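Asker: Input sequences plus hints: build the corresponding full structure.
Okay, here's what each chain looks like letter by letter:
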Amino acid sequence: GQSLEQPSEVTAVEGAIVQINCTYQTSGFYGLSWYQQHDGGAPTFLSYNALDGLEETGRFSSFLSRSDSYGYLLLQELQMKDSASYFCAVLNQAGTALIFGKGTTLSVSS
Amino acid sequence: ETGVTQTPRHLVMGMTNKKSLKCEQHLGHNAMYWYKQSAKKPLELMFVYSLEERVENNSVPSRFSPECPNSSHLFLHLHTLQPEDSALYLCASSQDRRGGSPLHFGNGTRLTVT
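Protein chains in written order, with the working numbering: chain C, 1 to 110; chain E, 1 to 114.
Honestly, the hints are just simulated from the structure, not real lab data.
Since this is a predicted model, take the numbers as computed values, not measurements.
Backbone N, C-alpha and C define an ideal beta-carbon position, used for all residues, glycine too.
Some hints here could point you the wrong way.
As the list claims (entries may be wrong) - Chain C residues, not near chain E, derived (Cβ > 10 Å throughout): (1) Thr11; (2) Ile17; (3) Gln19; (4) Thr57; (5) Arg66; (6) Glu77; (7) Met80; (8) Lys81; (9) Ala89; (10) Asn92; (11) Thr96; (12) Ser107.
Stated by the list, open to error - Rough simulated footprint, nothing fancy, chain C against chain E, three-plus residues with beta-carbon under 8 Å: (13) 46-60; (14) 98-104.
To be verified - Footprint (simulated), chain E over chain C, 3 or more residues, beta carbon under 8 Å: (15) 21-33; (16) 37-47.
Answerer: This is the structure we're talking about:
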């Protein structure tokens with residue numbers, strides 16, 4: 001079967017760096033995606049890694065290690081507005097749509 | 001109007017009612033999806049349509065019936081629902097179904113079944 005594991009909660013203070021890990025199990029792998037969802041809002045796309053390594057987009061970076069079936073989202077210079085849920089996702093086995101992890105709730109305090 | 005629009009934003013229905021959720025995308029995308037989000041199972045895939053053809057039914061009970069009349073519109077028809085069906089129903093679209101094709105979500109319909 002398929003599964004994605006990520007921590008349920010992470011807390012940090014403004015200005016800090018936080019890493020949200022995601023391990024996955026899937027028979028066919030086509031890349032790892034990350035989405036952000038603020039309370040009461042819609043999930044929004046953050047990043048996609050198809051190849052090993054680090055992809056940087058401003059304060060957010062995403063890393064993938066295909067050999068370890070592992071990736072992470074790195075958030076730097078944390079701001080209060082970064083408080084949200086973060087989901088990792090992979091294509092389902094049928095290759096028709098993304099399936100998501102249970103999400104990590106990030107709480108940023110001042 | 002741009003993006004993905006869902007109506008209504010909130011819906012309360014009894015177990016014997018019939019209602020429909022509507023989703024419209026103005027992005028020119030070829031794929032559309034229904035996801036269910038609840039506290040117990042966040043972001044659970046329900047249905048996938050590609051070029052108006054259903055390509056995935058993720059073991060969803062028949063009391064949920066999707067319809068995709070064209071590539072811009074997606075409906076979810078609801079009948080004889082159960083209280084455990086109360087959840088946030090999210091519609092999404094993407095350019096295609098490749099893994100790197102980002103999903104664009106609507107704001108969802110918050111459904112309460114009484």
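Asker: Any hints this thing doesn't respect? Which numbers, in order?
Answerer: Result: hints 9, 10, 11 break, sorted rising.
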